[in-house]
Amino acid sequence: MTIKAKFQITTIIVAGLVSVVGVFIFFTNQRLSEAIETESTADKIVKGVFELNILTNDYLLFRNQRSSDQWWSRYDSTARLLIEVKASEGSKEQEIMDSLRKDHKSIATTFSQLVTVVGREGPGKDVAFQELEETLVSQLLVTSQAMVSSASILAEESVQEVTGYQQQLRSFTVTAIFILALVMVVNLLSTMNSILKPIIKLQQGTEIIGKGNLKHRVEIKSKDEIGELAAAFNQMTERRQQTEKALQKAHDELEIRVAERTAELEAANKELEAFSYSVSHDLRTPLRAIDGFSQVLLEDHGDRLDKEGERVLNVVRDNTVRMGELIDDLLTFSRLGRKGMEKKDINMEKLAKDVFEKLKDAAPERKLKMKINTLPPAWGDESLIREVLANLLSNAIKFSKNEKSVVIEVGGKLENNENIYYVKDNGVGFDMKYRDKLFGVFQRLHSQEEFKGTGVGLAIVQRIIHRHGGRVWAEGKINKGATFYFTLPLR
Amino acid sequence: MNSSKVEILLVEDNPTDVELTLRVLKKHNLANKVHVVRDGAEALDFIFATGSYKDRKIDQKPKVVLLDLKLPKVDGLEVLRKVKSDERTKDIPVVVLTSSKEEQDKIKSYRLGVNSYIVKPVDFGQFTEAVSELGLYWVLLNEPPY
Chain A
1 MTIKAKFQIT
11 TIIVAGLVSV
21 VGVFIFFTNQ
31 RLSEAIETES
41 TADKIVKGVF
51 ELNILTNDYL
61 LFRNQRSSDQ
71 WWSRYDSTAR
81 LLIEVKASEG
91 SKEQEIMDSL
101 RKDHKSIATT
111 FSQLVTVVGR
121 EGPGKDVAFQ
131 ELEETLVSQL
141 LVTSQAMVSS
151 ASILAEESVQ
161 EVTGYQQQLR
171 SFTVTAIFIL
181 ALVMVVNLLS
191 TMNSILKPII
201 KLQQGTEIIG
211 KGNLKHRVEI
221 KSKDEIGELA
231 AAFNQMTERR
241 QQTEKALQKA
251 HDELEIRVAE
261 RTAELEAANK
271 ELEAFSYSVS
281 HDLRTPLRAI
291 DGFSQVLLED
301 HGDRLDKEGE
311 RVLNVVRDNT
321 VRMGELIDDL
331 LTFSRLGRKG
341 MEKKDINMEK
351 LAKDVFEKLK
361 DAAPERKLKM
371 KINTLPPAWG
381 DESLIREVLA
391 NLLSNAIKFS
401 KNEKSVVIEV
411 GGKLENNENI
421 YYVKDNGVGF
431 DMKYRDKLFG
441 VFQRLHSQEE
451 FKGTGVGLAI
461 VQRIIHRHGG
471 RVWAEGKINK
481 GATFYFTLPL
491 R
Chain B
1 MNSSKVEILL
11 VEDNPTDVEL
21 TLRVLKKHNL
31 ANKVHVVRDG
41 AEALDFIFAT
51 GSYKDRKIDQ
61 KPKVVLLDLK
71 LPKVDGLEVL
81 RKVKSDERTK
91 DIPVVVLTSS
101 KEEQDKIKSY
111 RLGVNSYIVK
121 PVDFGQFTEA
131 VSELGLYWVL
141 LNEPPY
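One line per chain: the protein sequences are A and B, in this order. Going by this note's numbering, the first residue of the first sequence is number 1, and it counts up by one from there. Going by this note's numbering, the first residue of the second sequence is number 1, and it counts up by one from there.
Any given hint might turn out to be false.
So the derived label-pair ranges between C-beta atoms look like this [what the hints assert, rightly or not]:
no.	chain 1	residue 1	chain 2	residue 2	range
1	A	263	B	129	45 to 51 Å
2	B	59	A	340	43 to 49 Å
3	A	480	B	115	50 to 56 Å
4	B	33	A	372	54 to 60 Å
Think of the hints as simulated: they come from the structure by calculation, not from any bench. Even for Gly, the Cβ is constructed at its ideal location relative to N, Cα and C.
Sequences are here, hints too, so could you generate the full structure?
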């Protein structure tokens with residue numbers, strides 16, 4: 001049964017009960033007022049009978065027409081009183097009323113006889129009349145006495161009736177209120193039970209599901225609104241569980257795919273490692289042979305070579321050395337992608353000074369100076385960042401070799417949540433239209449005669465910075481120096 | 001060559017490297033004390049006096065073994081492991097002389113107990129210098145415990 005229906009039924013029961021009580025009170029009240037009226041009428045009757053007695057005495061005293069008229073007038077009003085009282089058939093009241101009416105008629109008869117007797121009486125007192133008169137008077141007295149007593153009984157009865165009705169009304173009202181209260185309480189309790197308990201269950205269920213147990217179901221089987229709510233709730237949970245399952249499945253599949261890809265990548269990486277190992281080992285050996293046997297040729301058969309032959313052989317040797325450098329740089333570059341990073345706080349000022357001193361020591365013939373501006377500390381792999389600074393600073397030194405006074409400047413600042421560093425020189429600079437080529441592997445903007453190099457240094461710089469999540473770029477102008485920038489994200 | 005007088009065992013499969021190495025050693029009059037083997041298996045046979053070297057005595061130890069890492073049949077690291085894990089041969093000085101600059105090879109070699117690790121320079125001048133220095137050092141200066 002729905003909660004709504006329960007409330008409707010309760011309302012109907014209460015309304016019915018209230019109506020019954022109302023009807024009962026209405027009828028009881030009616031009978032009560034009837035009883036009160038009867039009592040007052042009975043009192044009036046008693047009063048009327050007494051007055052009739054007095055008027056009888058008056059008549060006996062004055063024996064005139066006026067007294068007789070007064071008596072009859074009084075008699076009529078008493079008669080009207082007797083008609084007023086309505087008693088139910090067969091009741092005690094009815095009996096009393098019947099006897100009252102009979103007595104009433106009888107006193108009228110008796111009084112008429114008395115009037116006749118008095119009218120016949122002459123001035124002298126006739127003994128026979130006297131006696132008849134006395135008999136009639138005493139008869140009147142007796143009858144009226146009987147009427148008074150009957151009326152008194154009627155009054156008494158009415159009073160009792162009134163008390164009875166009042167009692168009845170009281171107990172009925174109390175009972176009705178009690179029953180009403182009982183109905184309300186029972187209904188309220190049952191409704192509370194059928195609402196509160198499942199609501200608590202629902203609330204607990206919500207908490208359990210909220211904590212992630214999607215298998216939980218709220219067990220409310222009642223066929224009311226709460227039951228419907230619970231069913232809807234369970235359905236919702238079911239759908240969520242299904243979604244979760246689908247998601248989990250997708251996630252698992254993705255995981256498998258990632259594992260597959262990772263395995264593929266690992267295999268590719270291994271292959272690459274094997275490749276670079278071979279490059280490192282096997283490409284070097286023939287180079288050494290070319291260089292070595294060129295030397296042997298010079299040493300053992302030099303007397304049979306002319307100057308040009310010697311020069312050509314030296315060109316061969318120079319190129320083998322350069323090939324060796326290219327292999328080394330390429331290997332360094334490929335290793336950078338595989339090397340694990342150990343990030344920590346780096347004192348960039350100290351690192352820059354350190355790198356610069358080493359470069360300076362390697363070129364004692366050059367008068368090198370470096371100006372260090374404020375350098376914010378960085379977060380990264382120190383050995384890799386050292387590589388970056390070494391490449392940028394050695395480039396700066398290399399490309400300013402034609403300048404009389406070399407001024408290298410390094411600096412940096414914190415901007416938009418990243419550190420920006422720069423290395424600036426006053427060297428040969430570059431044409432900005434080639435700036436995209438600067439960071440490519442083996443990309444060079446100068447000939448080998450002008451500036452030696454393999455063209456890997458800036459590619460290494462870019463690779464390291466990209467692995468750190470930063471950016472690199474350069475600004476320059478031909479013969480006006482160059483500035484290389486790189487950024488490193490904060491921790 | 002009388003293998004009993006061997007002071008340097010050169011384990012190298014590349015004939016040009018062998019020739020260049022021998023040429024350098026010859027300049028220091030060390031070439032006649034060198035024995036060359038061409039793969040790891042032969043190196044082990046020589047050191048442990050087995051196979052074609054079973055007539056050798058195992059206690060006739062060379063003063064130094066110059067070992068390449070990339071070798072046919074048995075690779076250099078395996079040769080090194082066998083030599084250094086055998087009580088009879090673990091005191092023979094082994095110098096790895098290789099083209100490999102790989103970090104992993106260096107680390108593995110030192111873990112196995114190599115006495116020295118030399119990367120062959122591409123430049124012949126530097127190569128000559130390296131080979132003659134290590135030849136002189138291990139053959140003339142160094143005193144082995146046997």
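Right, here's what the structure says about each hint:
Roughly 46 Å separates the CB atoms of residue 263/A and residue 129/B, a value that falls within the hinted 45 to 51 Å. For residue 59/B and residue 340/A, the hinted distance range of 43 to 49 Å is satisfied, since their beta carbons lie about 46 Å from each other. A C-beta distance of roughly 55 Å is found between residue 480/A and residue 115/B, which places it inside the suggested range of 50 to 56 Å. Our hint of 54 to 60 Å for residue 33/B and residue 372/A holds, since their Cβ atoms are close to 56 Å apart.
The structure is consistent with each of the numbered hints, conforming to all of them.
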